[in-house]
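Throw the hints in and build the complete structure from the sequences for me.
If you read the sequence shown in my numbering, its first letter stands for residue 156, the second for the next number, and so on.
Hints are computed from structural coordinates only; laboratory data are not their basis. Some clues are possibly wrong.
To be verified - Result set (DSS-like, lysine-lysine): computed pairs, CA atoms no more than 25 Å apart in a straight line:
1. Lys732 with Lys790
2. Lys200 with Lys272
3. Lys365 with Lys310
4. Lys432 with Lys845
5. Lys267 with Lys233
6. Lys233 with Lys205
7. Lys725 with Lys775
8. Lys272 with Lys222
9. Lys271 with Lys200
10. Lys365 with Lys845
11. Lys736 with Lys432
12. Lys793 with Lys745
13. Lys225 with Lys396
14. Lys790 with Lys745
15. Lys432 with Lys396
16. Lys793 with Lys775
17. Lys767 with Lys793
18. Lys781 with Lys745
19. Lys764 with Lys433
20. Lys492 with Lys793
21. Lys492 with Lys172
22. Lys205 with Lys172
23. Lys222 with Lys233
24. Lys365 with Lys322
25. Lys233 with Lys455
26. Lys793 with Lys764
Unchecked claim - Cβ pair distances, simulated, as ranges:
27. Asn813 with Glu339: 23 to 33 Å
28. Thr292 with Leu743: 42 to 52 Å
29. Lys736 with Thr779: 25 to 35 Å
As the structure is a computational prediction, the values presented were derived from the model and not from experiment. Glycine is no exception: its CB is placed at the ideal position from the N, C-alpha and C atoms.
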Amino acid sequence: MSEIRVDLEALEHDPGKRIPISRYDVNDRDSVRRRYIELGPCQPKNHDFKYRDIGGRPRRFCPVWFKENKWLEYSVEKGVAFCFICYLFKDRTKCPGGDTFVNGGWRNWHLKSRLKKHIGGVTSAHAEAQEKYDRFTTPRTSIRESFASNTTEYKALYVLRLTWTLKCLRFLLRQGLAFRGHDESEESLNKGNFLELLNWLAGNFDEVDKVVLRNAPQNCKMACHEIQHELIKCCAQETTKLVIEELGGQHFTIPADESADVYQNEQLPVCLRYVDKKGRAVVRFLGIAHVEDTSALTLKAAVEHMLMKYNLTLEMVRGQGYDGASNMKGNANGLKKLIIDESPYAYYVHCFAHQLQLTLVAVAKESGDCTCNSCKKMRMLRMAQAEELIDALELEKVETGRGLNQEMGLGRPCDTRWGSHYKTVMHVISMYPAIRLCIHAHLMQEIFGYTEDLSRALQKKDQDIVNAMELVDLTKFHLQCLREEEGWNGFLERVTSFCVKYNIKVVDMEGPYYPVGRPKRGFYNGAMNYHRLHATRELNDRFDEVNTELLSCMAAFSPLNSFAAYDQVKLVTLATKFYPKDFTTEELSKLPWQLTMYISHVRRDERFKNLKNLCELSVKLVETEKDDQYHVVYKLLKLVLILPVATASVERVFSTMNFVKNKQRNKMGDQYLNNCLVTFIEREFFSQVKDQDIINLFQQGDRRVIL
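Right, here's the structure in full:
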């Protein structure tokens, strides 16, 4: 059987998908073992373990066995159990035919005694594998350590050297800066950010200079690229570990999207949205994966692989948030459908901010493009703007002071950059009031002005879907008012006033309109009225993809106006119809009376008055410790809160990716990019990671100096 060369970052965590250790190249096996030890046994404790009929009775794997047997792991792919220790170190010649926990897997759930039988006595194959595992993970007992001559003082200097290297790396990671230089030789005047920072510290602090660079042993400087990469990897792993600890095994949703980086590699960032211990709905960055293509099957495999690394499964997903691409939201073969097949309660929500942007782009395209490549005409417009400002200053119509009245740039609107159209129109009206197509500009300003606040609100990390739908309805109402006669006439009065102020001819909106290049016969009347109708129609067309019954039930949690929308029947329906697997029979029986007590309590409590949304309600329940008192109600509220509203967090990952992996750093490897992004985006958690924890994880690798 041929041996396999390995990509350590692509190793399967699910034991049912693993390749036997014996099939790896001999020189790679220890590296593979170390990587699997880093990942730990595959123990998806919150997975919904399937029942199987054994002797006429339904039986399934019991997750408490993980606590009783640290070596036990479970394959979600095959639905069987394996031994982690024996997979790594079992001698193939020992106990032939007794490889159930290594090859095929064990699934006789009615025979728990089989677990003890597998462990056996002191001479069993499992006991020998455990002894090898202990020696492998405890370097002090190794032969190499026995012959090592490293003194206590040498080890202390090594730790200091490693610590200062780590401090430099942590600073650069937090700032998203590059590490290497184009020329890192001794003669170079710029050796790159890392070496220059380390040199600066050595030049200013004697305690640093004594242990690093020229005062360090030639074979133990701890500053080469490989050491940097391994330390960065440890930083990312410890940061993600804190994210998973905060998640705490509860349900979550996955906002995700795919985009190409600066090197034209397709990247798939995956985030987790969940409720933290303080009751806040948070979105955390889990990681980014390079995908060979953007087919739904490839994307699903990438998401599943990333989740499985942290003992998370698709069955724990309770919501999906993507854009409107067919490979993501397709009802037949899209990523949405593939995940719903495995987790029926992973409800899909088309990113609200993306839907709004599609609406605004469609409306903006109704207005003709305005381009100017003439330097002479641009100079004339700037001169007109300067003259207008001078006149305003002389008449004291504008304030003066530092930073005021500066020349603004005219940003280019982009279909994928949220809010860019509104900023462009605002700058056009402010900078170039002499432009004659003012009614188009003011109409776009009016529409984009109403939707700008909605766009910003939808991009908040703690936004909940009920409040988002209320904001959408409010925006529709204001645009509907603009369509009506009173609103439209008021708008025309403002445009007319603007035209009079800048000596622009006022067009008769009820007069005949003759299309350019067309005969005057069959002219149109009131053609501009179409634009005021188009925006609302686009909003109605776009925001119709969420299950209306689901939203109606969720809206019953709203705390506005002293919980005026509360409806116990809808909340019970929400639990029994939309999330039945997340509640036990006992919890469902408790829910009605808990809801009755809950609503009476919060309506009487002054602390629950003036709450604006579900996020504030959740935080207040935790602060007042009512989340424990009404634990079933709070559990239902958390399921509502985690439903994604927008993929703004994913879009921020793309922006960060283009900042970290730029044209000067376009050859970054995929894992290196992932590690840099995790530490940069999740700076809150990265700052909580202790240096000692990173060093301990680093020392678990193949090191010359054993601490």
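Restraint status (C-alpha distance of Lys432 to Lys845 at most 25 Å): holds, 21 Å
Given the hinted pair Lys492 and Lys172, is their alpha-carbon gap at most 25 Å? holds, 23 Å
With a cut-off of 25 Å on the C-alpha distance, tell me whether Lys271 and Lys200 pass. holds, 20 Å
Straight-line alpha-carbon gap Lys432 to Lys396, limit 25 Å: Measuring from Cα to Cα gives roughly 16 Å; hence the hint holds.
Regarding the pair Lys365 and Lys310, is the alpha-carbon distance no greater than 25 Å? holds, 14 Å
Hint consistency between Lys732 and Lys790 [alpha-carbon to alpha-carbon, up to 25 Å]: holds, 15 Å
Within a Cα-Cα threshold of 25 Å, do Lys272 and Lys222 meet the stated pairing? Holds. Lys272 to Lys222 sits at ~17 Å (cutoff 25 Å).
Can you confirm whether the C-alpha distance between Lys793 and Lys775 stays at or below 25 Å? holds, 13 Å
Given hint Lys322 paired with Lys365 - CA-CA distance at most 25 Å: At roughly 16 Å apart (the allowed maximum being 25 Å), Lys322 and Lys365 satisfy the hint.
Pairwise hint evaluation, Lys396 against Lys225, where the allowed Cα distance is 25 Å at most: holds, 19 Å
Could you check the hint for me, namely that Asn813 and Glu339 are 23 to 33 Å apart, CB to CB? Check passed, 26 Å falls within 23 to 33 Å.
Within a Cα-Cα threshold of 25 Å, do Lys233 and Lys455 meet the stated pairing? holds, 17 Å
The structure agrees with every numbered hint stated previously.
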